[in-house]
Amino acid sequence: MKTTENVLVLRDLTMDYGGKLVLNRVNLEVKRGQIIGYIGPNGAGKSTTVKIMLGLIQDYKGTVELFGQDISQGDISYKRRIGYVPEQAELYDNLTAMEFLVFTGELYGLERQYAEQKAEKLLKEFDLTSVMDARLSSFSKGMKQKVLITSSLLHNPDLLFLDEPLSGLDANSMMIIREMLAQLAEQGKTIFYSSHIMDVVEKISNRIVLLVRGEVVADGTFEELQELSQEGTLSGIFNQLTGFTDHGERASRFISIMQDGDADA
Amino acid sequence: MQMREYRSIQVISLFKPLLLKLGIDYETLVIILRMKLTMDGRRVPTIFNDTRVKKEGNQFLKSLWIYALYGLLITPFLFLGNQLVFQMGISFGIIIFILSTTMIADFSSVLLDIRDKNILHTKPADSKTINAAKILHILIYMFFVSGSLLLLPILVSLFKKGILFTLLFLVDIGLTIALVIVITSLLYLVVLRFFDGERLKDIINYVQILLSVGTIIGYQVVARSFDIVNFDISYTFSWWHLLLPPLWYGSTFEMLINRNYSIGIVLGSILGILVPILAVLLYIRLMPAFERSLDKLMGVAKERKRKPHRIIAFLANLTCRSKEERVFFRFATLMMRQEREFKLKVYPVLAMGIVFPFIFILMELRERSLADIGTGSMFLFIYFLNFIIPTVVHMLRYSGSYKGGWIFKAAPIDHPQIVFSGTLKAFLTTMYAPVFLFLSVIFIGIFSISVIPDLLAVALGGVLFTAIVYMLMDRDSFPFTMSFQFAQDSGSFKMFLIGLLTLLFVAAHTFANRFEFGIYVYIALLLVASGITWHSVFRKRFVSQ
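For the protein sequence lines, the chains are Z and E, in the order given. Here this note's numbering is used: the first residue of the first sequence is 1, the next is one more, and so on. Here this note's numbering is used: the first residue of the second sequence is 1, the next is one more, and so on.
So here's chain Z without its partners, still in its complex pose (with noise of 0.2 angstroms):
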């Protein structure tokens, strides 16, 4: 199912917010099919990227892509095939699960009953039925994630931005979860995932996009970075090229000024 065609496209995308670089001459082809581990220290621009691509930051500079529209155009139809998962789940609480699915399945063409039923069946696959019917107010962490996660896939998008998707879930949904994204990908599906959790990426990516400070450092497989910067795990490559190498040490000054306070008490 794999084609060479490009589903999103980013040519010298920069952002400045305040007066702070916080993309710098961003520039990344990604083909369908793809599974795109997007990773990078906290602040590095991850989730503005994401944020431009869904088109919830406008005042960028460079082009964006998707699907060959240039999204600054002020078409939104290729937002149809897009499906989100937000970092913070962010719902409407108020709503029922149901309600809530209903709404996002309308907004992006389903009809009613269809949605409906859809979701219906999608709860069942994450043990939600018994509470559709409750407010999201009264759900867990995790249970609201299966439900916006459920809200990014009920109209069967081409392509998914999943930012931090698993916080919250048991190890039973992450499962289902890793198993479903290669799967989508093996039928052509193109995933945008963005993480801190670094042994997730390095299992479920087929290409790793690694960020600091709004620049991309390496771009290429998990066997490339490998070779790369010659250590053995994702983290440790991380470690390596954000440059940062000296947590011992600082694990070993937190514990002594954590004791020290102890003496002084």
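These are calculated hints, taken from the structure and not from any lab test. Treat the hints with care, as some may be off.
Taking lysine-lysine pairs in the DSSO-like style, the calculated list, with each CA pair at most 30 angstroms apart, reads [unchecked claim]:
{"#": "1", "chain 1": "E", "residue 1": "K494", "chain 2": "Z", "residue 2": "K144"}
{"#": "2", "chain 1": "E", "residue 1": "K494", "chain 2": "E", "residue 2": "K403"}
{"#": "3", "chain 1": "Z", "residue 1": "K141", "chain 2": "E", "residue 2": "K16"}
Listed next, with one range per pair, are the computed distances between beta-carbon atoms [what the hints assert, rightly or not]:
{"#": "4", "chain 1": "Z", "residue 1": "E111", "chain 2": "E", "residue 2": "L278", "range": "28 to 36 angstroms"}
{"#": "5", "chain 1": "E", "residue 1": "I407", "chain 2": "Z", "residue 2": "A134", "range": "27 to 35 angstroms"}
{"#": "6", "chain 1": "Z", "residue 1": "A134", "chain 2": "E", "residue 2": "R310", "range": "47 to 55 angstroms"}
{"#": "7", "chain 1": "E", "residue 1": "L22", "chain 2": "Z", "residue 2": "S138", "range": "37 to 45 angstroms"}
{"#": "8", "chain 1": "E", "residue 1": "K160", "chain 2": "Z", "residue 2": "R135", "range": "43 to 51 angstroms"}
{"#": "9", "chain 1": "E", "residue 1": "A410", "chain 2": "Z", "residue 2": "N27", "range": "43 to 51 angstroms"}
{"#": "10", "chain 1": "Z", "residue 1": "R135", "chain 2": "E", "residue 2": "K16", "range": "29 to 37 angstroms"}
{"#": "11", "chain 1": "Z", "residue 1": "Q230", "chain 2": "E", "residue 2": "A410", "range": "38 to 46 angstroms"}
{"#": "12", "chain 1": "Z", "residue 1": "I176", "chain 2": "E", "residue 2": "N317", "range": "51 to 59 angstroms"}
{"#": "13", "chain 1": "E", "residue 1": "R115", "chain 2": "Z", "residue 2": "N27", "range": "31 to 39 angstroms"}
{"#": "14", "chain 1": "Z", "residue 1": "K124", "chain 2": "E", "residue 2": "G147", "range": "53 to 61 angstroms"}
{"#": "15", "chain 1": "E", "residue 1": "K16", "chain 2": "Z", "residue 2": "G68", "range": "50 to 58 angstroms"}
{"#": "16", "chain 1": "Z", "residue 1": "E223", "chain 2": "E", "residue 2": "G23", "range": "34 to 42 angstroms"}
{"#": "17", "chain 1": "E", "residue 1": "P434", "chain 2": "Z", "residue 2": "A134", "range": "40 to 48 angstroms"}
All C-beta atoms, glycine included, are put in the ideal place defined by N, C-alpha and C.
Mind docking chain E on chain Z? Use the hints.
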């Protein structure tokens, strides 16, 4: 699926061709509005703040009855005197106050909903449609609120004042609604431009408090002020009247009904029409900037300078005996100052404590002069502040962030009663004392410095009473560890009854004043009693769990 079809959406469907012409995606608009209206029905409006609310049914529709009651307040102004600029000016003053505070208190969340940004703007819905849904959503709400507020005044004006008057009333109300919505949004735009989202949330919180205070006290003041306001005074124009929107609308009546074409009246009428229209145009122009600045609400608040809490530390050292007690003093002070939900519940009660003594004095002013009052014992009305102590102390157990209460269970607290003694001392020194001092200054102005010993006795009575309240209340939880959801259900009435004990203090005070130097003996007795009570109450015997 419980989401139903709404009549207001059916009304909007009449405008479908117009909306389509404006480039709005009608289907998406309806989907968004339906969801918004469903959620509205599940929120508790701020105007219900002070009452027990069952969670069933559409809370919004139920709140409309309260607006209808306010409508009753406006109606008499239609008939008082023949100075339309004045009487309609007052009516529109009340209307603008109620609509704008309601708008800010309950519909700020609509204007500032950042979930909209993440949920709607990531979907195939264009900004024009999302913004149209936002405005229509607010308009529907304002239509209901102003409809129930003004139904009675409009009906009365139709039967008593004629069709022209009523039509003018309706047009002016429409302009007022536009003005209120747009000015609120522009105000937010300015605030967001210069401050961060946290500051805006604080401002909204203060407006919510103002609305609660306004609804509690406004009734008392307005109901009592009917016969002291003289409506027969003749209106003379001053240039600054042009700065008061209610008088603009008063002017339109004066001009068209009373045929008064003086320059001030004509200018006022023109402003009443022109300003809302210009404001709407400005708003449409600035809407994209508004959407962009909403990002600030999503971001982390700007770093603020860490304020050195020197005064708190000083007061803690002054009033607390142990290090542990000082910790809870500081914690309680910060919670009382910073927690928005706590302030929303407690500040209106405090405001009652401040305003009620003056309402009583104001009533007395109708019969006597201020100088005459100054020689009497009306300073005893300051005891009203002590009357509310039980309610506030009761509220100290609740918090919007009650889930953080696990820390009390997890931390090794040797003497749990210390938690409450620190909290109550914080209440007395950082909340009760400033309000009391404020009242005292005014009371000294009215009753001369000879009232100082009496005020001291009232304050000491407050200190003693606080310990007594703690003794009598349920001590089954730590401060700030229970949800406000349960605050109305338990103990409110009990706290009211305990509040009546204030009458004992008033009686003792009056009795002491019958003797020369009696007040000083009373003060000495209160000092001893407070010392003993605080000491015994906060020994291990009364342990919180």
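Now the hints, each set against the structure:
1. E/K494 - Z/K144: Distance of about 40 angstroms is beyond 30 angstroms: violated.
2. E/K494 - E/K403: 25 angstroms, holds
3. Z/K141 - E/K16: 40 angstroms, violated
4. Z/E111 - E/L278: 28 to 36 angstroms: 44 angstroms, violated
5. E/I407 - Z/A134: 27 to 35 angstroms: 29 angstroms, holds
6. Z/A134 - E/R310: 47 to 55 angstroms: 49 angstroms Cβ-Cβ, so the 47 to 55 angstroms window holds.
7. E/L22 - Z/S138: 37 to 45 angstroms: This hint holds: roughly 39 angstroms between Cβ atoms.
8. E/K160 - Z/R135: 43 to 51 angstroms: Holds - the Cβ-Cβ distance for E/K160 and Z/R135, about 47 angstroms, lies within 43 to 51 angstroms.
9. E/A410 - Z/N27: 43 to 51 angstroms: Because 50 angstroms falls inside the window, the suggested range holds.
10. Z/R135 - E/K16: 29 to 37 angstroms: Holds - the Cβ-Cβ distance for Z/R135 and E/K16, about 31 angstroms, lies within 29 to 37 angstroms.
11. Z/Q230 - E/A410: 38 to 46 angstroms: Holds - the Cβ-Cβ distance for Z/Q230 and E/A410, about 45 angstroms, lies within 38 to 46 angstroms.
12. Z/I176 - E/N317: 51 to 59 angstroms: 57 angstroms, holds
13. E/R115 - Z/N27: 31 to 39 angstroms: 32 angstroms, holds
14. Z/K124 - E/G147: 53 to 61 angstroms: Since Z/K124 and E/G147 have Cβ atoms about 44 angstroms apart, the given range 53 to 61 angstroms is violated.
15. E/K16 - Z/G68: 50 to 58 angstroms: 34 angstroms, violated
16. Z/E223 - E/G23: 34 to 42 angstroms: 50 angstroms, violated
17. E/P434 - Z/A134: 40 to 48 angstroms: 45 angstroms, holds
Hint compliance for this structure: hints 1, 3, 4, 14, 15, 16 are broken, all remaining hints hold.
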